[in-house]
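As you go down the protein sequences, you meet chains A and B in turn. Sequential numbering of the first sequence, starting at 1, is according to the UniProt record's numbering. Sequential numbering of the second sequence, starting at 1, is according to the UniProt record's numbering.
Since the hints were derived computationally from the structure, they do not count as laboratory data. It cannot be assumed that every hint is accurate.
One copy or any two copies: either way a pair holds, since identical chains are not told apart in the list.
To be verified - Listed next, the in silico EDC-like pairs over lysine to aspartate or glutamate satisfying Cα-Cα at most 16 Å (straight line): (1) K109 with E17; (2) K196 with E52; (3) K185 with D41; (4) K56 with E32; (5) K84 with E211; (6) K94 with E207; (7) K185 with E100; (8) K31 with E101; (9) K104 with E211; (10) K77 with D41; (11) K94 with E113; (12) K16 with E211; (13) K222 with E207; (14) K104 with D163; (15) K196 with D174; (16) K185 with E17; (17) K104 with E17; (18) K104 with E194; (19) K196 with E132; (20) K84 with D163; (21) K94 with D152; (22) K48 with E132; (23) K104 with D131; (24) K48 with E211; (25) K56 with E113; (26) K104 with D152.
What follows is the residue order along each chain.
Protein chains: 2
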Amino acid sequence: MATAGTSLVFRQLFEKESSTYTYLLADKDTKEAVLIDPVVDTAERDAKLVSELGLKLVYVINTHCHADHITGTGKLKTLVPGCKSVISKASSAKADILLEEGQKVTFGKFSLEVRTTPGHTNGCVTYVLLDESIRMAFTGDTLLVRGCGRTDFQEGNPATLYDSVWGKIFTLPDDTLLFPAHDYKGQTMTTVGEEKRHNPRLTQTKEKFVEIMNNLGLAYPKQIDRAVPANMMCGLQD
Amino acid sequence: MATAGTSLVFRQLFEKESSTYTYLLADKDTKEAVLIDPVVDTAERDAKLVSELGLKLVYVINTHCHADHITGTGKLKTLVPGCKSVISKASSAKADILLEEGQKVTFGKFSLEVRTTPGHTNGCVTYVLLDESIRMAFTGDTLLVRGCGRTDFQEGNPATLYDSVWGKIFTLPDDTLLFPAHDYKGQTMTTVGEEKRHNPRLTQTKEKFVEIMNNLGLAYPKQIDRAVPANMMCGLQD
Numbered sequence: 001m002a003t004a005g006t007s008l009v010f011r012q013l014f015e016k017e018s019s020t021y022t023y024l025l026a027d028k029d030t031k032e033a034v035l036i037d038p039v040v041d042t043a044e045r046d047a048k049l050v051s052e053l054g055l056k057l058v059y060v061i062n063t064h065c066h067a068d069h070i071t072g073t074g075k076l077k078t079l080v081p082g083c084k085s086v087i088s089k090a091s092s093a094k095a096d097i098l099l100e101e102g103q104k105v106t107f108g109k110f111s112l113e114v115r116t117t118p119g120h121t122n123g124c125v126t127y128v129l130l131d132e133s134i135r136m137a138f139t140g141d142t143l144l145v146r147g148c149g150r151t152d153f154q155e156g157n158p159a160t161l162y163d164s165v166w167g168k169i170f171t172l173p174d175d176t177l178l179f180p181a182h183d184y185k186g187q188t189m190t191t192v193g194e195e196k197r198h199n200p201r202l203t204q205t206k207e208k209f210v211e212i213m214n215n216l217g218l219a220y221p222k223q224i225d226r227a228v229p230a231n232m233m234c235g236l237q238d
Numbered sequence: 001m002a003t004a005g006t007s008l009v010f011r012q013l014f015e016k017e018s019s020t021y022t023y024l025l026a027d028k029d030t031k032e033a034v035l036i037d038p039v040v041d042t043a044e045r046d047a048k049l050v051s052e053l054g055l056k057l058v059y060v061i062n063t064h065c066h067a068d069h070i071t072g073t074g075k076l077k078t079l080v081p082g083c084k085s086v087i088s089k090a091s092s093a094k095a096d097i098l099l100e101e102g103q104k105v106t107f108g109k110f111s112l113e114v115r116t117t118p119g120h121t122n123g124c125v126t127y128v129l130l131d132e133s134i135r136m137a138f139t140g141d142t143l144l145v146r147g148c149g150r151t152d153f154q155e156g157n158p159a160t161l162y163d164s165v166w167g168k169i170f171t172l173p174d175d176t177l178l179f180p181a182h183d184y185k186g187q188t189m190t191t192v193g194e195e196k197r198h199n200p201r202l203t204q205t206k207e208k209f210v211e212i213m214n215n216l217g218l219a220y221p222k223q224i225d226r227a228v229p230a231n232m233m234c235g236l237q238d
């Protein structure tokens, strides 16, 4: 989607087995593009779209080291030679570029600013698009539409996640569009204002939130034992 | 999504059993809203979102009489009293408002213009948003991302569909954002320019297109025998 008053190209893409959203962002003028959170199973679809739109993929970015799917990062590096892998330093995962708080990922005239938002994992970050005419952020598994990521595996910590959301995401303007890494109910996006009012977990006190998160009783993630080791290596187990 | 330079609220929603996209559009200022192609199974989700966003649902609109799911129109009329059902006159389906070529559906300062695009069914229409700062159209099953609707049941006719796409959709500006009623590969949208260049079927000659469509060999739609009679009555079989 190219939005009015900006030359941003924006596409949301879905991988149905893991209910993962992948995002393609590009500068329509310079053609420089980034992919956020691609999945290995749909990497070829994403590479084809980049090609059909005449874009130049410069960065393949992850919000964190995923436990529910194998990232498409490594596969995209082979499909689209020249692009670089990007993840947070705190994830301890391998990548060409390791990011810390406040650093930027630039494509054409746009930049994504890194906000560290640990809690689902230690290395979770939220990428905030810096643009005058459209406010958007990519929250990974930190904040989902009317939900949030699990805190019962990897380095999950509910109190940390609560502080991340309130300190780094809910401090953005209310009309900021939020795009999560997953959704299981067919919802595609939300806003800061909506989640501050209607998120059933994060509108609770921190103590109540911790109690809720510690008692979800969820099943062990199906793909975690193969996904995490692979994702620590950009999706490739050499 | 509220886009820059406009007060349009826009949300794409997905129903996974039938891979259907439902669209919520609203005027942020007047709060008047429309839903396009809701599904009965997700009608409660959609009504809840309308309520949480503080919107007033005025119209529930269908692009055509669907064969693959039961519309949420009737259920939404009971969940959100006061809204009106809308479909094309040529669909022969029951609704509060029956539309013909060139008519408009207005919500706040926005309007959707009706373009009749038969071929998948006789009553298929494309709704074109009339707005200075963002060009978008809702193509139903007439045009899908890199595909198109089937023409082998109901009143399907591939030559008619081809003429509809080339005469009524591909004549829109290349940067018009197109939103389909379905996608099966996790794609959420496309543009006129992209489909004119990359649609594997519609970039063919009309003769070749008809041949392709007459030889798809697809299975009989699972829900058609209960969906079509229900949808002729706004999703309700009274």
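Verification of the hints:
no.: 1; hint: K109 with E17; result: neither (34 Å within a copy, 40 Å between copies)
no.: 2; hint: K196 with E52; result: between (38 Å within a copy, 12 Å between copies)
no.: 3; hint: K185 with D41; result: between (21 Å within a copy, 11 Å between copies)
no.: 4; hint: K56 with E32; result: within (5 Å within a copy, 40 Å between copies)
no.: 5; hint: K84 with E211; result: neither (40 Å within a copy, 44 Å between copies)
no.: 6; hint: K94 with E207; result: neither (35 Å within a copy, 52 Å between copies)
no.: 7; hint: K185 with E100; result: neither (32 Å within a copy, 34 Å between copies)
no.: 8; hint: K31 with E101; result: neither (27 Å within a copy, 38 Å between copies)
no.: 9; hint: K104 with E211; result: neither (35 Å within a copy, 51 Å between copies)
no.: 10; hint: K77 with D41; result: within (14 Å within a copy, 40 Å between copies)
no.: 11; hint: K94 with E113; result: neither (20 Å within a copy, 51 Å between copies)
no.: 12; hint: K16 with E211; result: neither (30 Å within a copy, 31 Å between copies)
no.: 13; hint: K222 with E207; result: neither (29 Å within a copy, 48 Å between copies)
no.: 14; hint: K104 with D163; result: neither (22 Å within a copy, 48 Å between copies)
no.: 15; hint: K196 with D174; result: within (8 Å within a copy, 38 Å between copies)
no.: 16; hint: K185 with E17; result: both (13 Å within a copy, 11 Å between copies)
no.: 17; hint: K104 with E17; result: neither (31 Å within a copy, 39 Å between copies)
no.: 18; hint: K104 with E194; result: neither (27 Å within a copy, 30 Å between copies)
no.: 19; hint: K196 with E132; result: neither (23 Å within a copy, 32 Å between copies)
no.: 20; hint: K84 with D163; result: neither (31 Å within a copy, 44 Å between copies)
no.: 21; hint: K94 with D152; result: neither (23 Å within a copy, 51 Å between copies)
no.: 22; hint: K48 with E132; result: neither (30 Å within a copy, 31 Å between copies)
no.: 23; hint: K104 with D131; result: within (13 Å within a copy, 34 Å between copies)
no.: 24; hint: K48 with E211; result: neither (45 Å within a copy, 26 Å between copies)
no.: 25; hint: K56 with E113; result: neither (20 Å within a copy, 36 Å between copies)
no.: 26; hint: K104 with D152; result: neither (30 Å within a copy, 51 Å between copies)
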